[in-house]
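*Asks:* Listed here are the chains, written in short residue letters.
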Amino acid sequence: MENQKVIETFEQMVGKEFVQTEEAILQEYATDITGLRMVQKHFGWKSENLAQCIVKIHTKEEAIEAIRFLNQEKIVNVPRTGGSGVCLGLETPKGSVVLDLSEMNEILEINEENLTVTTQAGVALERLETVLNKKGYTTGHFPQSLPLAQMGGLVATRSIGQFSTRYGGIEDLLVGIEGVLPDGELVRIKNIPRKSTGPDLRHIWLGSEGTLGVITEVTVKIFPMAEDRCMQAYAIASFHTGLAIIKEIMQAGWKPAVTRLHDETEAAESYGPFMQAGESILLFLSEGPKGYAALEGEAIQAVVEKHGARALGSKPLELWLAHRNDICEHLDMYAKQGAVADTCEISAMWSDIGKIYTEVLERAKKEVPHLVAITGHSSHSYEQGTNIYFMMGAMCAPQVEAAQKTYDQLFGIIMETTLKYNGSICHHHGVGRYRAKWMKQELGSAYPMLEKIKTAFDPNGIMNRGALLPVE
Amino acid sequence: MKQVLDLDQVLSSDWIVQENQTIDLSYANRVINTYDELGLEMMLRLQDEDPKCNSISLTVGTEDTESMLRKALALQVEEAIRIDHAVSMSQTPQAVARMLCAGIRKIGDVDLVLCGRQASGSDYGQTGLILAELLSWPCISLVTEVVRRNEGWVIIHQVDDGLEEVVVSGPVVLTMTQSADHFLRMATLRNTMDAKKKAITQWSLSDLEEWKLVKETAGVSLSRIFTVEESNDCAMVDDPEFFVDRMIEEIQKMNQSEGVSL
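Order-wise, the sequence lines are chains A and B. The numbering used here puts the first residue of the first sequence at 1, with every later residue one more than the last. The numbering used here puts the first residue of the second sequence at 1001, with every later residue one more than the last.
The shape of chain B in the complex, shown without the other chains (with noise of 0.2 angstroms):
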């Protein structure tokens, strides 16, 4: 799970770019990004239908994710464990992958992985993809449903002209996507009360036996942040018996200055 800004809340004056490249973001609640909330919703239900069935929040991230994690345990995920690692803006999806797979791997007998298919804000879009490759399982995407059959689970995702349902065993990653019908339940007072309680297990890098030290950001840096500038020019054809050939000249113009030919 990945913790991010609610980026509904900041003011539309507010969405300019400042010299050291930010945005005044400092007064946005946090909150589980909106993709992996449909992948904690699954997994609950999963775990509503089978009691034996075991569900863990994992994330990536500072002390400060652990009201998600304590909002993951309200709603009665059995176990709740945070990587100790401040993830940056500029920090590669491959690297947060490779630690939640050497995280995945400590926890050691999973068979389903449900993660968001994106975040809401610094997104790559490929973390579930990478990790699926990095554990050697399949990997479906643009889940919107999945449910227990016999020793397996049915998956209905997205493709491009409709759903598709799939059925498939473990272990596999889903990569989870918005669904119009399914939302993320909300946890009793009571139960947020007792996640207070609840004890958030903390791995640090060096207590993950498989994390193999790679540049974090594997040859990348953030240089700028900038918009496309687009320009657009306006010229009056005063006589329109000339219209369409100064058409073509301008057409000419603009096709000489990128190199093309008419």
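The shape of chain A in the complex, shown without the other chains (with noise of 0.2 angstroms):
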């Protein structure tokens, strides 16, 4: 079908006002946050491959329609919500269509029984946690994108925040979802605690990044504010150190909603007076029912003491706290510089996750010509290992294929050390388009079930192609 067509036909379905077609909006929608396009934006690019256009879906019978008719005519489609994700996963392929449910934004049920809250997909996390916080409430989710993140594109991530160990991600808090299959059919599945009733479907939705279908709705879990806070800090010899002490608390049982550990150049960046030379610190924030947040407390320090941790009080968690989501508002800050940055997700089990960072920094300093800084933190932590959240940078020539070259650089050193030891490439971020070409060697054998899905939900290939899995 000829794009006019196409354009005349969203517009008598959603209203002509809710139809965008102007270049500098489709230029805005080409992609999503990725450090690449930041900096490549800096030098000059433009996406070639845009849109035919942006359309508002304020309803899930426009939803419908609108995926019907795009499945009827094979156009392909990009569904999205706060456009918040750092892996290329939102960027347009040319001539497709983006679906914006961003104003498709109400909350529509508080649950103070069971618990749980319902929302459109396009509620911004931020809004839902202030409006629950004014009744006692709390998500529980704080990812560093909670300024900009919206609830379908959490769920279609597999998004995670930084209070985790606590509550989980949100794999952990989802109740019940419904959404718009690529055939156009509205499914539901309904909230429920835990059942036995085959494969949990909501993990069909979890982490499928718009290739299955589209969003529509959510229920997630919400708990009731946290009655007791202990939060401490300790400086602490190495890396690696700090990597056995997580170990230790967590597999003694213990929950600390924030547990974080920060390489010795993260530490002199951002608790420089705090530190001596080559230390790195330890953050740990307790927190639940009264009587709770004390008894961890005591727990961790003297895990801490027992591998001569120094302690710093709760000034720095205090500091963390206060400035940890403050990138939403600088996100093009090294692209001025010139700087080709970004962050880097990874998990691994306890035995192999030590060797992937220092393997990983190892690498980037002997391999990367203008790297400028190679750190990295532990952030999510569990029984059997924890995340490594990479955060690089390296000067390069002030050009498009220069950026691009010395992007792939780093982020290859990255995946390719993880998947030696066995790790995985996306903790919370997701696949986006960038990482796709790795997920053969990511899920190995297990890789033909994920093109059996795909294939099986969408036989013509309309949503979202090329994020997730690659194009062949």
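Rather than coming from a laboratory, the hints here were simulated on the basis of the structure. Treat the hints with care, since some could be wrong.
[To be verified] In silico BS3-like links for lysine-lysine, alpha-carbon gap of 27 angstroms or less:
{"id": "1", "chain 1": "B", "residue 1": "Lys1196", "chain 2": "A", "residue 2": "Lys365"}
{"id": "2", "chain 1": "A", "residue 1": "Lys247", "chain 2": "A", "residue 2": "Lys420"}
{"id": "3", "chain 1": "A", "residue 1": "Lys437", "chain 2": "A", "residue 2": "Lys365"}
{"id": "4", "chain 1": "B", "residue 1": "Lys1198", "chain 2": "A", "residue 2": "Lys366"}
{"id": "5", "chain 1": "A", "residue 1": "Lys365", "chain 2": "B", "residue 2": "Lys1197"}
{"id": "6", "chain 1": "A", "residue 1": "Lys41", "chain 2": "A", "residue 2": "Lys5"}
{"id": "7", "chain 1": "A", "residue 1": "Lys420", "chain 2": "A", "residue 2": "Lys366"}
{"id": "8", "chain 1": "A", "residue 1": "Lys60", "chain 2": "A", "residue 2": "Lys41"}
{"id": "9", "chain 1": "A", "residue 1": "Lys290", "chain 2": "A", "residue 2": "Lys247"}
{"id": "10", "chain 1": "A", "residue 1": "Lys355", "chain 2": "A", "residue 2": "Lys247"}
{"id": "11", "chain 1": "A", "residue 1": "Lys365", "chain 2": "A", "residue 2": "Lys46"}
{"id": "12", "chain 1": "A", "residue 1": "Lys306", "chain 2": "A", "residue 2": "Lys355"}
{"id": "13", "chain 1": "A", "residue 1": "Lys365", "chain 2": "A", "residue 2": "Lys355"}
{"id": "14", "chain 1": "A", "residue 1": "Lys365", "chain 2": "B", "residue 2": "Lys1052"}
{"id": "15", "chain 1": "B", "residue 1": "Lys1253", "chain 2": "B", "residue 2": "Lys1052"}
{"id": "16", "chain 1": "A", "residue 1": "Lys437", "chain 2": "A", "residue 2": "Lys94"}
{"id": "17", "chain 1": "A", "residue 1": "Lys420", "chain 2": "A", "residue 2": "Lys195"}
{"id": "18", "chain 1": "A", "residue 1": "Lys366", "chain 2": "B", "residue 2": "Lys1197"}
{"id": "19", "chain 1": "A", "residue 1": "Lys420", "chain 2": "A", "residue 2": "Lys355"}
{"id": "20", "chain 1": "A", "residue 1": "Lys366", "chain 2": "B", "residue 2": "Lys1196"}
{"id": "21", "chain 1": "B", "residue 1": "Lys1196", "chain 2": "A", "residue 2": "Lys336"}
Mind assembling these two chains? They're in different frames, but the hints should get you there.
*Replies:* As structure tokens, then:
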């Protein structure tokens, strides 16, 4: 079908004012906030693969009608809410249609008996948290993208929050969900605390990144606001000692909501006056019902003291709480300084994670010619392992191609090293288009399962083609 | 260049003046003054364009300012000089400018001085202007960009109704302000490591021949830090019919108390 006819169809479907075709807006929607594009834009990058239009969806009926039409015409579409993706998952294929659900933003029900909240896909997490706080509740979900992210996108990318050790990732919080399949069928998975009725279908939606349908509504857990908080920070001799301390705390069964270990470079950068040369820093925040935080705090103190940690009080935690999402206001800060910079989070078992950290830093320092810095921190821990969130930057010639080459080199080192030690190439940012090329290695013999699910759900390949699975 | 504390880090709950007239800044990182960063970037660009251009970073301060000078060296500034003197909060800009002036004269062959228009903390916004006066050089303020042209420079600086471009020849002092387009570049890890091994020239005040001892505080001492208290009063007028009369009455009372007639 000709572009003009597609646009006219959508104008009739949702109203003319909700179909946007201006080139500047299409450019704005052409990508997400991936670090690579930030710096490339600074060097003059513009997308050559613009969508034909942006369609603002306001109701599930509109979503059904839109997807049914797109499937019938075999037009690729990119579902989108907050737009805070960092893996090129929202990058538009040429001639595609963007389904923007960010104005589908009603909080439908706060259920204080079952402790759940049901929202439309475009509800901003920060707004939801504010509304819940006024009633004495919290989502317990605080990703760094809090000021930008919306509920549909959080589920679609398998998001996690900074207080995850206590509250879990979005997969632990999701109770029920509604979405539209690629053929236009509306499906709902009802709200149930736990069940044994075959595979958990919620996991089809979790991390689907818009490739299996469009999420229209979610129900997630809510929690009473914590009555007590205990915050403590410690300086430790090395990053590896910090990993050993966290492992011991996790395997003993404690769940400090915030459990963070920053290496010596990050410690010096953010907590300089507290640190001595070479030290890493551990941050713990315990919270819960009255009495819980103090009890957990004492247990943590006993473990860290055994490892020779130096107590720094609660101030570093207060600083972290105040500044943890500042980057959202300065997303292009490094790009303005001419640096290719981004973050990359991976995860692995306790037996392997330290090796990955060490080898990535060694390789980057040796192989990347104009490296500015590569640092790492652990921010989400489990009984079996943890994640490492690498932060890296390098200078390059002020050209789009040079930025791509430097970015690929930095990312390649992390991906290769992680796979070498059986780690996972994404802990919580998702795969998007950028990491899709490593998905076969990531999933190994399980990769055909994902391919078959994709083919079964989306035989025409209209849903966010190129994200999650590489285009052959 | 001036080293300042990163005040953005300070928690809002800590912005309370304590009895000793200070606030707790002990946990704030030391950073290069924002306005000096642009001066440094412009100097590096001039050096990039002209290999014959020699760059020097100069500061007044104690040993703890050396991390800032090492960052400048990591960014490929050729020389870093520290005039060893503890600059206190009560130090007047005249005294600092005099030290910088003596330092610049000791360096000798200087055509261009770039410094921040002010510091992002403990600032008077005067040092660069006084420095130019002491050197008997012209000064251009609120500069956002410097480009070499022939034997001089094209300077772009802010004026009341926009930007002005002027062509100057040295010697000249420029006071730099923030620009939406220019930011200090980042040092590579290799250069940062190399910079740790580089020497920083250190001069004491007695090394500076032209340093004339003046009272450092120039007769100024810090007496107190305080917030101006504003008071608001509110009166209710029950009957709207008398509203205007009551207003006039209140204004007259107010003016009498301030010695002003209506």
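*Asks:* What hints, given by number in increasing order, does this structure fail?
*Replies:* 6, 8, 11, 14, 15, 17
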